[in-house]
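Colleague: Protein chains in written order, with my numbering: chain A, 707 to 1380; chain B, 707 to 1380.
Hints listed in this document are in silico derivations from the structure and should not be mistaken for laboratory results.
Misleading hints may appear alongside valid ones.
What the hints assert, rightly or not - Label-pair distances were calculated between CB atoms; the ranges are:
(1) 992(B) <-> 1178(A): 35 to 45 Å
(2) 905(B) <-> 1331(A): 32 to 42 Å
(3) 1294(B) <-> 1178(A): 14 to 24 Å
(4) 1226(A) <-> 994(B): 29 to 39 Å
(5) 960(A) <-> 905(B): 40 to 50 Å
Claimed, not checked - Below, in silico cross-link-like pairs of lysine-lysine (DSSO-like), each with a Cα-Cα straight-line distance of 30 Å or less:
(6) 1250(B) <-> 1354(A)
(7) 1300(A) <-> 1201(A)
(8) 1250(A) <-> 726(B)
Virtual Cβ for every residue (Gly too), placed ideally from N, Cα, C.
Number of protein chains: 2
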Amino acid sequence: MNGNEKSKMYHCWLDYQLHKKQSKEWIYGNQIYCAEDLLKEGVIQSAIDELKLFFLQHFDLSMDVVTKRPVQAHIALDVAETYGLKEGAYEMVAEDNQLLIHADSCNGILYGAFGLIQVIKRQIPVQGLKIKEEPINKIRMINHWDNSDGSIERGYAGKSIFYHNNEIIQDMGRIKDYARLLASVGINSICINNVNVHHYETQFITDIYLKDIARIAKVFETYGIRLFLSVNFAAPISLDHLENADPLNTEVREWWRKTAEHIYKVIPNLGGFLVKADSENRPGPFTYGRTHAEGANMLADAVRAYGGLVIWRCFVYNCHVDWRDRTTDRARAAYDHFIDLDGQFNDNVILQIKNGPMDFQIREPLSPLFGGLKNTNQILEFQITQEYTGQQKHICFLVPMWKECLDFDTYAKGENSRIKDIVSGNLFGNKETGIAGVVNIGDSECWSGNPMAAANLYGFGRLCWNPHLSSKEIADEWISLTLGSDKKVREVVSKILLTSRKTYEDYTVPLGIGWMVNVGHHYGPNIEGYEYSPWGTYHYADYKGIGVDRTMETGTGYVRQYLEPNRSLYENIKTCPEELLLFFHHVAYDYELKDGRTLLQYIYDVHFEGVEQVSSYQKAWKSLNGSIDQDFYNAVNEGLEIQLKDAKEWRDVVNTYFYRKTGIRDSKNRKIYE
Amino acid sequence: MNGNEKSKMYHCWLDYQLHKKQSKEWIYGNQIYCAEDLLKEGVIQSAIDELKLFFLQHFDLSMDVVTKRPVQAHIALDVAETYGLKEGAYEMVAEDNQLLIHADSCNGILYGAFGLIQVIKRQIPVQGLKIKEEPINKIRMINHWDNSDGSIERGYAGKSIFYHNNEIIQDMGRIKDYARLLASVGINSICINNVNVHHYETQFITDIYLKDIARIAKVFETYGIRLFLSVNFAAPISLDHLENADPLNTEVREWWRKTAEHIYKVIPNLGGFLVKADSENRPGPFTYGRTHAEGANMLADAVRAYGGLVIWRCFVYNCHVDWRDRTTDRARAAYDHFIDLDGQFNDNVILQIKNGPMDFQIREPLSPLFGGLKNTNQILEFQITQEYTGQQKHICFLVPMWKECLDFDTYAKGENSRIKDIVSGNLFGNKETGIAGVVNIGDSECWSGNPMAAANLYGFGRLCWNPHLSSKEIADEWISLTLGSDKKVREVVSKILLTSRKTYEDYTVPLGIGWMVNVGHHYGPNIEGYEYSPWGTYHYADYKGIGVDRTMETGTGYVRQYLEPNRSLYENIKTCPEELLLFFHHVAYDYELKDGRTLLQYIYDVHFEGVEQVSSYQKAWKSLNGSIDQDFYNAVNEGLEIQLKDAKEWRDVVNTYFYRKTGIRDSKNRKIYE
């Protein structure tokens, strides 16, 4: 299993270290009680394995598993439908001689076991403990953009842990450790291949790969995680030379039905399919003049008998735009494509909607599909991997950004119609809802390339479980579980994490303008790199101003997709939140912001300040030398050197760009290269 | 051989078609006389094979080869050292009953045979003919940037004809036809692998590949072409784990000596090595604190015994420049690196110098190394493949550009010290000189992707042979040999070819500014794509003006590398040739050009006019429908559609870029997108 031959970084927040002092305080003996029939359950075994591992490594205590309730103090695990807890929920109650974890399902016990470990690691007193924990979101999902050749699209943490050279990796050791990490934060669904389904991955649903994939599915299953596969909408053509993939073609429907039948024979617990269709040159129903509802429902019919789901991405837009055409607005695309289909999807179809209308920029408004779609299952898609947010070279804790999204009030049913209430299913009562995240892990020693980036994976899981948690709470949890409870460490790291998103935004692309990155790999500044491209990603900077007019009055009308009062808020430049000013408006460089600064001076200022912030991170980090694991320290230290260098590059390129464009100097006379 | 199963396009300018009328005029019978011992020579056989093929296909005449001089009219081939002709030269004399081609070498006869074919194809009367042709340049070389996996760096005409899947292609048929094409225009040297020598290609000089390469060498040898190999300067490390590749290390020197000994055993006629060292992350002598002279001489010592040459590229510059550093100027790099080494190279080392100081842009000044280096063998490097000049999608006849270069007066020995006189060896008496070109062919049916691009390969060969030929003469030759002698065809195609370079310049990047292309693949506009990159390729456009100040007075001092009067000419904005204005000066948009237009208006104008030109090409081309080979017609027609579309893209992106930067409208009120 996860022996100690691996580094502390490898174990992330599941790093268990001997705490001699704390060991004396443990009051529930060395027995785990569990009814005999429960022990047969893989998930319960996982829970017990984890507890045993933890007690051994943390307390140097060998736990015995007993099936008869002991007299002496013990931990008790119990599953019964009578507790009235929802799927995955658990209660943990400390009584005189037992610490009882009970739930209505095995998964609840597994989460409870991880919950107990967290309590102890965080040195929360066990005595008198009474915790009820339940997941707010039903689907808590990880998406992998792993390709079968081992590469990872937008991966910044090494190669895939699943594939190598177009074959499934045989050793399940690392995959099991990964399942532990995910289960420990409540993840219950995973899609293990890229939504861009290429040649080999199209064959994943055939016997060439299915048996090996079943082995992966089994590992995840014992950690309460259902496996999904991304499928190629044109698979009937690619795999069996059908004439087309028309979702209304009987032959095609029959092909998918039989294919699903076969897949579920090999992987009975498969969650279903994830589909990217008619997007960025992927095939889809548009080819046959069919709607996305017709496309998705066809697949949904095929998997329905097995309890399967079809998760259908809303990231559909024209990626062959003519930049000269100022009427087409990519931001409008998802809403325009899907809003009229509301209510037309089968009840085992889920639409997966990116948080923003563009593509995972450091700052975007929220997708107006949230609040727009009422009668459709939907899950929210975040990007944990830092494609546009520093590619794990830069520290950018994304939880505050995700929180903004979850807390956003759509006003769909009046005030307090927050996105988190939509994706939890509470607001509209949709059956299948939740959150998905494109993950940031690979085979790097610390999983996420930069060990600080693990905070994003941790935070993502925690928000899926409970979107009401604050960024600060999540940061604190992750820090103490990962780096220990030293006060200074917690203060320093917490401050870095909680300010890092704003810092990144400041030295890169502020005010919601987006893009300005190098083409293709998306790292580093290229202010006009995408300005005349076919991708629909423009900022229209000219000698007078910058930004995209998306108003109803004079712009692309994107604003109309929001419900009131958001619509009016965004429409009016005076009420538009300043952090999104250039997303919604084309603004003159000398426009006066609320604090009296001009737009241009603001741009200059935040770029200087952002770099200063990184500098301060570096200084603060160095003060931790010796206080934390040295490998972790070194890795972050090296990362910060790159971050500082590249933040300066961003600062100078952006400032010089605008200086060259305007000839206006920085009012504080700082160095802007000519 | 080249049976008629191949298309006309495949045969390029060696397309032989039956001309019934002309056949009656042939007056030298059906016998080729050649002395018996001469017949043993492979090159003579090639000449005879070509003549026989031509007479069969053009006149339907089977030529007999006889070794006793016939009484009746015949063609006579004769080689004797007594003619006093230089290597490769020939004389062709029409006498009463014989057409005599004589030379001092077999190669001369081969060129003479192709010369005769050209004369007949172009319908020049044979009677009374008296031609003396001699190559002006000793080395007339083709460089391939082919990789062993079959890809071609900067190739736009399919895959390599030499390699597939890291193996040498076994069928020599196409390679032989290629040798015929090259020999027909006088090429006598070829390097068959990319100057960026990667993993597999490093092994070309080992037994893994040598025997197969020897087969290729043999094919070229029978067409008078010597084969060269690009080698990896770090090969001793890569292949045999030597500790370093230090050129002064005895072990390294011995390694190369032994390696050369072995190579020449397998390929006795090998021309030598081509080396890209210390450039764009390639290894080189700098790693060991050695000069390029020390590096090149070490290799030269290794091949000297076998008559081998080392061709050493001068394309050495820092590709990790900080754009903020305005003192470093990539244009200076080649001169700065090599000028002080003049005279230090062995006499079997040749420096290969790109025409311009940057990298094959549509307009650059000439490299000041020409005229600067006096005591060094040197060959001029052109790029036939259209990396920055339309990638064979656009018609861009490069001969006029090459002519400008060859005719450029360096004033190295006073007036009339033209580059063509330097690379011919005439000016300084350097022993090994000539011209090399990075070729534009691949396995596409017409060799060059776009059949019009074959004119560049043809023209390159002709200029190597005789740099005094005019662009018009070369265009005319190519057209009539390829498309026949129809007057209208010749007029239309000639006009397109001869104006195409200026047209391309007009709608892309005028006035010598360069770059402004998409990063990496270099196709299509991206005005600031390279502006903040580490490649040293900037235009510094700001709200007032654009261009690089390379003057001595206020700029990077690059101008100092030229000899007077060029130096003063470039230094002064008033005397600087306008087509190079922005290469040498940073110029305000409202600067008045000689014709009274502002700089900006000129930029607008040429972009509109360039597109108009392409439009007129398209119209003119359509008028040829039915007059020429239909495949050729269609291919060019399709190309022109792409060219027109992409020319418009260039026009609009460039114009919009400057409009957004300045807010200044086109004085003629044409459409500029905002």
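Colleague: Does the structure break any of the earlier hints, and which numbers would those be?
Modeller: 1, 3 and 8
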